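Engineer: Okay, here's what each chain looks like letter by letter:
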Amino acid sequence: MTVSRRTKYGIRAFSLGYLALILVAPVGLIFWRSFEHGWGPFWAAISNHDAVHALKLTLEITVIVVPLNTAFGILCALAIVRHRIPGMGLVNAIVDLPMALSPVVVGLALYLLYARDGWFGSWLFGHGIHILFALPAMLLATAFVSLPFVVREVVPVLREIGIEQEEAAATLGSSAFTTFRRITLPALRWAVAYGVVLTTARSLGEFGAVSIVSGGIAGRTQTLTQYVQASYENFSLTGAYAASVELAVLAIATLLAMTMLKPRQGGHDGNRGA
Amino acid sequence: MPRARRRALGAPTLSSGLALGYLSVIVLIPLAALVVKGAHGGWHHFWQVAWNPESSAALELTLGLAGAVVAINAVTGTALAWTLVRDDFPGKRFVNTLIDLPFALPTIVAGLTLLALYGPTGGVGIDVAYTRWGVLMALLFVTLPFVVRTVQPVLIELDREMEEAAASLGAARLTIFRRVVFPHLLPALLSGVALAFARAVGEFGAVILISGNLPFKTEVASLYVFQRINSGDTTGASALAVLLLVISLGVLLTIGALRRWATRHDR
Amino acid sequence: MAIEARNVTKRFGDFVAVDDVSISVESGSLTALLGPSGSGKSTLLRVIAGLEVADAGDVFISGKEATALAPQKRGVGFVFQHYAPFTHMTVWDNVAFGLSIRRRPKSEIHTRVAELLELVQLTGLGGRYPAQLSGGQRQRMALARALAPEPEVLLLDEPFGALDARVRKELREWLLRLHDEMHVTTIFVTHDQEEALELADTIVVMNRGRVEQVAPPRQLYDEPANAFVMSFVGPVNRIGDTWVRPHDVELRLEPNGTTHEAQIERIVRLGFETRVDLVRDDGERMHAQLTRDECEMLELAPGDIVYIKTKRAKSFA
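Residue numbers (my numbering), protein chains in the order written: chain A, 1 to 274; chain B, 1 to 267; chain C, 1 to 317.
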């Protein structure tokens, strides 16, 4: 349907204007503010001890959570698509839940479970294992919120591939494991890559759930996102902006990776949005 | 081959078991602990705890803002999708990539950027810090991609020939949009809206700085829960958290139903 | 007997796809499973391959019981209608797959794959990916891949169904030559009776999960066991209780004791043959098939009244 020139320009101005106001200007400003007075202040801000620790902790969490969610994500996808286990619809819903759930609900749930009087907490405390206010709880929280991505990218691709290639491999003598390794997995590689990128972004940016379960002790259990908040609340705007820029740079790197992988993935974006 | 085939190739239940075990530990059991804690003491007690002046105000504010957010997104998201699909201008690919930024950017950073520009130190003449407008803008930021990304693929795949046929039959442009294009977009639009709604209801990181957490004014449900936890009132927190969980589940069910409705013509 | 299926039954929920079917396939033969969609022919093939598990009955391959064996262990080669190529592997790696998982030495694999590629006339395309091949080339690759591990039996599930008419014809001839050279016991599934008649030594006609008739092509055509087989294997006219092939319908200009009267509705010239659409005196429609010359000699025109005599009409109880 060809719209008139005027309408087209009108819609364009409206949508791009909205984008600029809500997205581009604010993010741009942070970069501007951080580098207004040159590299010096920025560099000083991100190289103080707490900031460096926060960055390291965030990366550490991500490096552990992403491979876990990738491996189990692929297994979940296989279970959902290939194996006729009763209650698959329920499993699907559970996998999708972290996408629709508030992070504070996640944090609270974990808090209740692992607190001193919690179902798991009581046993763990008795054995001297500390989950809350330490790395394990932060890992669990981050794993929860970043769980869906690999599964949701892999499931439709698995469905699309269909079962024929695997059947062909079986008739050629390939065992279930060999088939998985040499036929299924390679066919999934772009879907998995895209899912990994999304999972990484989510892990790096996690804030709400981790805030509740970690205690946010600077230099000990404070992630980079928590550092941003703490800096702001302590009136250290430069620190907050600088850490934000760090996170934004990581986000942009993720964005670029997403853009490059999307076409290979067959443009399977519908899942994230629907 | 429309019939479902039972696999004779051996269903490895070990891998399924592992997957389900992981899901249970990470997602299911923590949520169960929450529900049990929230439902502890029975139905009556639950409502007493969940529904006090502050919490009900928080929930009402949250739902109201979420409603406003999805209404705005329905329009702006569709407009953006339209521009990306049917329009062409230099830098379009860049803009397309930009749409995903709210997905990639940490929420706390998102909130901070809005505060920086539209807050007291922004220099643009408006200050939305500690106001509902501020919270609204934060929610608009994080929900920006949802409607765009659900509507976009539908627009791309839309068969131009349908529109051309309508035009050859004499339909005016607005009529074509209303009666030929829009019905196809509606399910995708609603899906995007549902996701945006769920996100807006639960958003925490983006709003925490800009809202100031003023009870009855800018305290949304997620901030209320957080504040309750900090005060040691896990019962109060759990009650409202369970309500939020129910809302999330409701949204997921709606999206599933929408998907089935959307594909009804394909069956 | 290379393959035997005894009393095989397979259900999908309430639907009985294969109903107590027993067939034997001779070693080295080329057998067709022919029937309309839903007749159970693909399901039967898949049961033989081990890709489906029968609810009842047994399968024997080369005399050994194979009913409980996984497809990996049956020594069958399977070719799918949509080729099922390993899309992320080159043509060469696709063909080599069966050998590489059996850990054959590299040099052996190399020789064999090269041989097979030459056999299927894909030499030089080994480095391409399946997406870069045409449909016919992909199917030839699928065949080479299935043959590489030297299966005892080759099963093809509507192998040419997804190809266009010309390519289909080429591949048919080609399969015949391949079979003549390699003498692997081959079963192929098809709904195209022309294909079955052209290629097979023996045809198993199936309908609604049951076997209607097993016979060589000629016998199937000339001596069909029932009305279904007759009408499926070739065009047919029904006159009351008897069935007659269009080319066995003679048209005369004068009545003669045993003839029926009919009026010509349409004359359709299909190259060498001419089809004459007729309406009989009892109101029923039918077709006669004549050669061009026959038609011209009789100087037929639409609207003419002619008299029909039939040969080799069949009636079934």
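Honestly, the hints are just simulated from the structure, not real lab data. Among the hints, a few may not be true.
As the list claims (entries may be wrong) - The list that follows gives simulated cross-link-like pairs (lysine to any residue, SDA-like), each with its CA atoms no further than 20 Å apart: (1) Lys309(C) to Leu298(C); (2) Lys262(A) to Leu174(B); (3) Lys8(A) to Leu174(B); (4) Lys262(A) to Asn96(B); (5) Lys92(B) to Val81(A); (6) Lys8(A) to Gly21(B).
Unchecked claim - Examples of chain C residues lying across from chain A (beta carbon under 10 Å, computed): (7) Gly75; (8) Gln81; (9) His82; (10) Arg145; (11) Leu251; (12) Pro255; (13) Gly257; (14) Thr258.
Since this is a predicted model, take the numbers as computed values, not measurements. A virtual CB, placed ideally from N, CA and C, is assigned to each residue, including glycine.
Engineer: If a hint holds in the structure, say so; if it does not, say that too.
Structural biologist: Hint by hint, here is what the structure shows:
no. : hint                   : verdict
1   : Lys309(C) to Leu298(C) : 15 Å, holds
2   : Lys262(A) to Leu174(B) : 33 Å, violated
3   : Lys8(A) to Leu174(B)   : 13 Å, holds
4   : Lys262(A) to Asn96(B)  : 12 Å, holds
5   : Lys92(B) to Val81(A)   : 36 Å, violated
6   : Lys8(A) to Gly21(B)    : 52 Å, violated
7   : Gly75                  : 8 Å, holds
8   : Gln81                  : 9 Å, holds
9   : His82                  : 7 Å, holds
10  : Arg145                 : 7 Å, holds
11  : Leu251                 : 50 Å, violated
12  : Pro255                 : 60 Å, violated
13  : Gly257                 : 60 Å, violated
14  : Thr258                 : 56 Å, violated
The structure fails hints 2, 5, 6, 11, 12, 13, 14 (numbered hints given earlier, in ascending order).
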